[in-house]
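Chemist: Sequence:
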Amino acid sequence: MLRRDGFVCRYCGLDGTVWPNWLYLSWDHLLPPRHPLRDDPAYIVAACRFCNEACNRTFWDVEGKTPDELVAQKRPFVLAVRERYQAFWETEVHP
Numbered sequence: 027m028l029r030r031d032g033f034v035c036r037y038c039g040l041d042g043t044v045w046p047n048w049l050y051l052s053w054d055h056l057l058p059p060r061h062p063l064r065d066d067p068a069y070i071v072a073a074c075r076f077c078n079e080a081c082n083r084t085f086w087d088v089e090g091k092t093p094d095e096l097v098a099q100k101r102p103f104v105l106a107v108r109e110r111y112q113a114f115w116e117t118e119v120h121p
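In this text, residue positions in the sequence shown follow the numbering used here: the first is 27, and each later residue adds one.
Keep in mind that the hints are not guaranteed to be accurate.
[Said to hold, decoys possible] Ranges of calculated distance between the beta carbons of each label pair, as one might list FRET restraints: (1) V107 <-> D87: 15 to 21 Å; (2) G90 <-> W115: 34 to 40 Å; (3) R29 <-> F85: 28 to 34 Å.
[Said to hold, decoys possible] Heads up, simulated EDC-like pairs for lysine to aspartate or glutamate below, C-alpha to C-alpha not over 20 Å straight-line: (4) K91 <-> D66; (5) K91 <-> D31; (6) K91 <-> D65.
None of these hints come from the bench; they were simulated from the model. C-beta: ideal position from N, C-alpha, C; glycine also.
Can you build the whole structure from these sequences, using the hints too?
Modeler: Here's what the structure looks like:
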């Protein structure tokens, strides 16, 4: 899946072809546990660790959606979480 997706996070675009970014890549199952297609490689995408974990406890409407539609559905939520973390970092860690 990582090679197929060009070693790039499908949510934030982190380039895993650059060291040490490669260390932060993982993959995201787009379908929930026990879904019959969960382990189908088409439904697993490259994701950095942060984006993969950003909305793990969210239940998504997955039925009848393509992998690209599922990524597009999840991306705005993942990016919103990233923005909140960045805002915290900018005000509390590195003002």
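Chemist: A separate judgement is required for each hint: does it hold in the structure or not?
Modeler: Verification of the hints:
One distance hint, 15 to 21 Å for the beta-carbon pair V107 and D87, holds here, with the actual separation near 19 Å. Between G90 and W115 the beta carbons are some 38 Å apart, a value that agrees with the proposed interval 34 to 40 Å. In this structure the hint that R29 and F85 lie 28 to 34 Å apart at CB holds, the actual value being about 30 Å. Simply put, K91 and D66 have alpha-carbon atoms about 14 Å apart, close enough for the 20 Å limit, and the pair holds.
With a C-alpha separation of about 19 Å, the suggested pair K91 and D31 falls inside the 20 Å cut-off, and the hint holds. For the suggested pair K91 and D65, the alpha carbons sit about 15 Å apart, so the restraint of at most 20 Å is met.
In terms of the numbered hints stated before, the structure departs from none.
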